[in-house]
Amino acid sequence: MTRAVGNFKRKYFALGDLPVVLLVLSAFVLGLIMLFSGRGDDNLVAVVSVRGEVYSEISLAQVAEPYDLTVEGDESVVLHISSDGVEFVSSDCPDKLCVNTGLLTRSGQSAVCLPARVSVKLVSETGAPSDAPDAVAG
Amino acid sequence: MIKDGVLMLCRTGVLSAVALVLSIFEGMLPDLPFVLPGMKLGLSNLAVMLSLELCPLPCALCVAVIKALFALLSRGVTAFVMSLIGGLLATIGMFLLVRAKRLHFGCFGIGVFGAFLHNCGQLAVALVLVSDAVYGYFPILIVSAVITGSVTGLVYYLVMPSLKKLPLMGDNIGNLQNL
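If you're matching them up, the sequences are chains F and W in order.
Just so we're aligned: the first sequence equals residues 1 to 138 in this note's numbering.
Just so we're aligned: the second sequence equals residues 1001 to 1179 in this note's numbering.
Incorrect hints may appear among the rest.
Unchecked claim - Below, computed lysine-lysine pairings styled on DSS-like, alpha-carbon distance capped at 30 Å:
hint, chain 1, residue 1, chain 2, residue 2
1, W, K1165, F, K9
2, F, K96, W, K1165
3, F, K96, W, K1003
4, F, K11, W, K1040
5, W, K1101, W, K1164
6, W, K1101, W, K1003
Because the hints were derived from the structure by calculation, they are not lab data.
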């Protein structure tokens, strides 16, 4: 009578690991494509979101003097906004991942503070090539 | 002879405790310099992997829920939802691999797949709760899943032979009567 449910004998590598590796690899490539597509670096707009709602949109080109913006999410965070980019400078959260992300300077980059539920992402105001179709079918 | 239900209850309890201890232990580890943002070792996933081998699926899901409740107590509501969704997704995914009949999966594959699903679940929750900006973390999370998953898989592989000797975890539970 075997009381253990599984066979409980397992190699470190087995044949089944191959599809797992392929799946993870393709997801990684997909993620990279998502991240690097639609990049245009002029007229950056910092979109600050709190709890999933857009809190404010700041056009970086119009920022003459760098300033700090305090955002009250579930925790309080401070963003430093300059014409070069935007970064988290402090947060009341325990792990400070948002601060460690550093300065965001390019379209598509983002920094997130999960405990505060505050995020910043840079989008390109005019860089989106959506005006001109890539291809026309039919 | 101990009834199966009692044995599974014992295993679930012990493995839940193991999951909590591993979570606490992981929190005590110093931050490594090369660690990617958002990367956690996920050692407590070991307990879930073990419970999948040793218990039916509901017990393993129980371990995942208890792990999430610990996250609620120690790190707040957002962490709870992320841990719960990620944990349940990883548990169900790894269950399919552990019990697969046709194809044999190694510790590496199960560990990486579990970490991958855990991170995907967390990212999905973050997308809803925080903002769609978090998708930028997706490639980072995948890289960290491969690293942490292979480490937890390796620990699992190394620990397994010793665990089998424990009366509660191995086949030979007759010894339990003499405790």
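Hints versus structure:
A threshold of 30 Å between alpha carbons decides the hint, and for K1165(W) with K9(F) the separation of about 13 Å falls inside it, so the pair holds. At most 30 Å may separate the alpha-carbon atoms for a hinted pair to count; K96(F) and K1165(W) exceed this at roughly 42 Å. This hinted pair does not check out: K96(F) and K1003(W) have alpha carbons roughly 48 Å apart, beyond 30 Å. Taking the CA atoms of K11(F) and K1040(W), the gap is about 24 Å. The hint holds against a cut of 30 Å.
Restraint check: the Cα-Cα separation between K1101(W) and K1164(W) comes to about 22 Å, which is no more than 30 Å; the hinted pair holds. A distance of roughly 27 Å separates the Cα atoms of K1101(W) and K1003(W); the hinted pair therefore holds under the 30 Å criterion.
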